[in-house]
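Line by line, the protein sequences give chains A and B.
So the first sequence is numbered by the working numbering: it starts at 1 and just counts up by one.
So the second sequence is numbered by the working numbering: it starts at 1 and just counts up by one.
Derived from the structure by calculation, the hints contain no laboratory data.
Careful, some of the hints might be misleading.
The list treats identical chains as one, so a pair stands whether inside a single copy or across any two.
Pairs of lysine to aspartate or glutamate residues, derived as EDC-like cross-links and limited to a Cα-Cα distance of at most 16 Å, are as follows [claimed, not checked]: (1) Lys175 / Glu291; (2) Lys175 / Glu286; (3) Lys271 / Glu227.
Number of protein chains: 2
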Amino acid sequence: MTLILALDFGGTKLAAATVNIGSRKWLRYERRFSPVGADASTDLEIMRSLIYSVLQDTKPAAIGVSFGGPVDASTGTVRLSHHVAGWENIPLKALLEDEFGVSVGVDNDANVAALGEHRFGAGQGYDSLFYITVSTGVGGGWILNGQPWRGSGGMAGEIGHIVVDPAGPVCLCGKRGCVERLASGPYMAQNVREILENELSRRRGGEVLRSLVGDNLTLLTGQLVSEAAAAGDDLAKEVLHKAAWALGVGIGNVANLINPQRFVLGGGVMKAGEDFWRVVRQVARETALPEVDFEVVPAVLGDDAPLWGALALAETGMA
Amino acid sequence: MTLILALDFGGTKLAAATVNIGSRKWLRYERRFSPVGADASTDLEIMRSLIYSVLQDTKPAAIGVSFGGPVDASTGTVRLSHHVAGWENIPLKALLEDEFGVSVGVDNDANVAALGEHRFGAGQGYDSLFYITVSTGVGGGWILNGQPWRGSGGMAGEIGHIVVDPAGPVCLCGKRGCVERLASGPYMAQNVREILENELSRRRGGEVLRSLVGDNLTLLTGQLVSEAAAAGDDLAKEVLHKAAWALGVGIGNVANLINPQRFVLGGGVMKAGEDFWRVVRQVARETALPEVDFEVVPAVLGDDAPLWGALALAETGMA
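Construct all of the structure, not just a fragment, from the sequences and the given hints.
Now the structure itself:
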């Protein structure tokens, strides 16, 4: 039996699991929320306890790590975390290799999820795919020729920051009308909030949204926008439609540029409802040239996608 | 000595050349314009005469072909030509292999040019690059991991038809604000013409443009728009600036998605002037995330790029 250790440093939670190569069931599995005010040291401390708990007295043959933030995968160095302080330039691969004496692969969560879906999920048997996560942010990971493509500086996959509407609202990155600015959960909530707070607005809709949060608009989330849209709220439908449009244009543009077989969509978007998916697929189809074929499908690995991807990453490192 | 035969089926001209592997000078080289009213049969007839003229009594070890239109590179079948009738589903690779009994590689001109620039031009030593031709149309070709990337259906590289301005003018493909609709030569000329023909327009500029074509606006070309802009014509500058903006947004988006080391720009755009290149680079830089590094450089192989690329394609087929 060859044991693999898979680790997931999410923005708000940490998980460790062991699996025997070839098995599709975790041997041991532990997860814990990152405490409020956590920094890199406390996260590493908690992860260490999870690791020893799942390993017990066994020793892994390799370790794969998914990290929720930019990573230099060639050196396994974390560049930073957008959620947790103190992760600037942490040599995570080196730290783990020193401690456990085995080969370690570290990559960002979108690349790892792409690898996981390719090996174990919606991308099995596909030679080229683009995995897109649409949640708090919008990011992506590539499989080309059956292998991860990370770009010359490890920055490939940033579909969240391609411009689809140069006349759109300003994104945190400084540009207007990025995919993330229109399609991420928090930005969808913000778009709804701004319209509701504008007293001059006389548009229809918003009643369901207001009732969902008891008029406390700071409680709005992308998920609630989806729910309100499903319940028929016109304003929620409009904002959700614009999000789906942005994602559809992004996917169609990517199809024209790279022509992958499949687009696999994961993250909060999985719960966005039939209408959302229908618009995404329709706009993507209209944006791509008629000769460019592709499918847009939901991810299948769910919350454990980073861990399954970390397993795939560890196996890749052993090959 | 190992002899390679390189062929270029352009939209308006045909060329054949021979070279010894390792040499950077053509042994023999012939080119001819495609006659008015040419179809696939006449083009093939002319090319056959060029081939026998450059081959004389020698026999090539391999043949590489650049075709100015969509090609299924996996089978070497031409899908169609947008310029010359009768090219629908012509098995060009099979025809040439039957006639000459050697291995033949056929691909579209953008992919072939990418390969040529990578092997002999502005992409030498670069592992990843995107070649973009900006002329009558706008297309592109990929080198990733040092190899051509053609996409799952051979359609990768279509930067001409990614949408950069959803509120822009309608493209032949049916969408609004494609890169090609804003940045190709004929469309730049059309944009200028439409503004000049609109009698209600009271904007500045256009005097130089009118003088260049003696008031016959049907004679306008992208090249003349560039020349008028260089001579200070405000209208020409505005249209050229919009073209450079569109190309810059496209390049920045591609940089975020794929993160290649270099963008190599060839075609008529080479003569668009310093201002054009400055705007392209600036907008591309602003569109890409700060962490995404890349260079935008002119192609160096010029009019012979398809032939040099065909040579590289033939060599690839022999490897």
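Results of checking the hints against the structure:
no.: 1; hint: Lys175 / Glu291; result: between (31 Å within a copy, 15 Å between copies)
no.: 2; hint: Lys175 / Glu286; result: between (25 Å within a copy, 8 Å between copies)
no.: 3; hint: Lys271 / Glu227; result: within (9 Å within a copy, 54 Å between copies)
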